[in-house]
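Once you know that position 38 of the sequence shown is 38 in full-length UniProt numbering, the rest is easy, because the numbers rise by one and skip nothing.
Quick caveat, the hints were computed from the structure, so don't treat them as lab data. A few of these clues could be false.
[What the hints assert, rightly or not] What follows is a list of derived Cβ distance ranges for each label pair: (1) I63 x K5: 14 to 24 Å; (2) R106 x T26: 29 to 39 Å; (3) V23 x E107: 34 to 44 Å; (4) Y77 x G30: 12 to 22 Å; (5) R105 x N39: 30 to 40 Å; (6) T101 x E125: 15 to 25 Å; (7) M75 x I98: 11 to 21 Å; (8) E125 x Y77: 13 to 23 Å; (9) E112 x V23: 29 to 39 Å; (10) T56 x F116: 21 to 31 Å; (11) M6 x E79: 28 to 38 Å; (12) K72 x E125: 25 to 35 Å.
Where a beta carbon is used, it is the ideal one built from N, C-alpha and C, also for glycine.
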Amino acid sequence: MEEKKMKPIFRGDVIYADLGQHVHSTVQSGVRPCVVVSNNTRNKYADRINVCPCTTKDRKKDIFGRIKIMPKDVMGYLEKSSWILIDQITTIDKKKIISKTGHVRRESEIMEEIDFTIRKQLGIECNE
Numbered sequence: 001m002e003e004k005k006m007k008p009i010f011r012g013d014v015i016y017a018d019l020g021q022h023v024h025s026t027v028q029s030g031v032r033p034c035v036v037v038s039n040n041t042r043n044k045y046a047d048r049i050n051v052c053p054c055t056t057k058d059r060k061k062d063i064f065g066r067i068k069i070m071p072k073d074v075m076g077y078l079e080k081s082s083w084i085l086i087d088q089i090t091t092i093d094k095k096k097i098i099s100k101t102g103h104v105r106r107e108s109e110i111m112e113e114i115d116f117t118i119r120k121q122l123g124i125e126c127n128e
């Protein structure tokens with residue numbers, strides 16, 4: 001059986017990935033959109049990438065570590081306005097990628113906000 005060829009993955013891509021199951025947990029699971037946050041060298045050569053999952057539920061919108069992203073912020077496809085869960089940054093195997101649907105628009109400033117929030121989340125010094 002021939003293995004399907006994956007399109008190259010880049011930082012800022014919006015992908016749908018299977019995050020597995022986390023029963024009785026608040027950790028995101030199942031198939032969902034994610035934003036790729038690992039650097040392009042890792043994305044090209046490694047079998048794993050770093051992503052931040054997204055959710056459409058905004059129940060915890062006031063908690064630091066969540067960034068609103070709307071379909072207009074994505075070149076390509078994002079079904080609904082969502083929250084990028086920076087506080088749930090995770091590593092996935094590329095085999096868990098189901099599809100690549102778009103890329104965060106540079107002019108939306110979402111990637112800058114993601115970078116700042118990741119540094120804040122991980123306690124890496126940043127200028128506020």
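Status of the hints after comparison with the structure:
As the Cβ distance of I63 to K5 is approximately 39 Å, the hint placing it in 14 to 24 Å is violated. Taking 29 to 39 Å as the suggested C-beta distance range, the pair R106 and T26 conforms, at roughly 32 Å. Between V23 and E107 the Cβ separation comes to about 40 Å, which falls inside the hinted range of 34 to 44 Å. Between Y77 and G30, the C-beta spacing of about 19 Å keeps the proposed range 12 to 22 Å intact.
Between R105 and N39 the beta carbons are some 19 Å apart, a value that contradicts the proposed interval 30 to 40 Å. Take T101 and E125: their Cβ atoms lie about 34 Å apart, and the range 15 to 25 Å is violated. At roughly 19 Å, the beta carbons of M75 and I98 sit within the given window of 11 to 21 Å. The hinted range of 13 to 23 Å is not satisfied by E125 and Y77, whose Cβ atoms lie roughly 36 Å apart.
For E112 paired with V23, a C-beta distance near 36 Å keeps the hint of 29 to 39 Å intact. Judged by the Cβ atoms, the range 21 to 31 Å given for T56 and F116 holds: they are separated by roughly 23 Å. Distance hint check: the CB atoms of M6 and E79 are about 21 Å apart, inconsistent with the given range 28 to 38 Å. Checked against the hint of 25 to 35 Å, the pair K72 and E125 passes, with Cβ atoms roughly 32 Å apart.
Violated hints for the displayed structure, listed by number in ascending order: 1, 5, 6, 8, 11.
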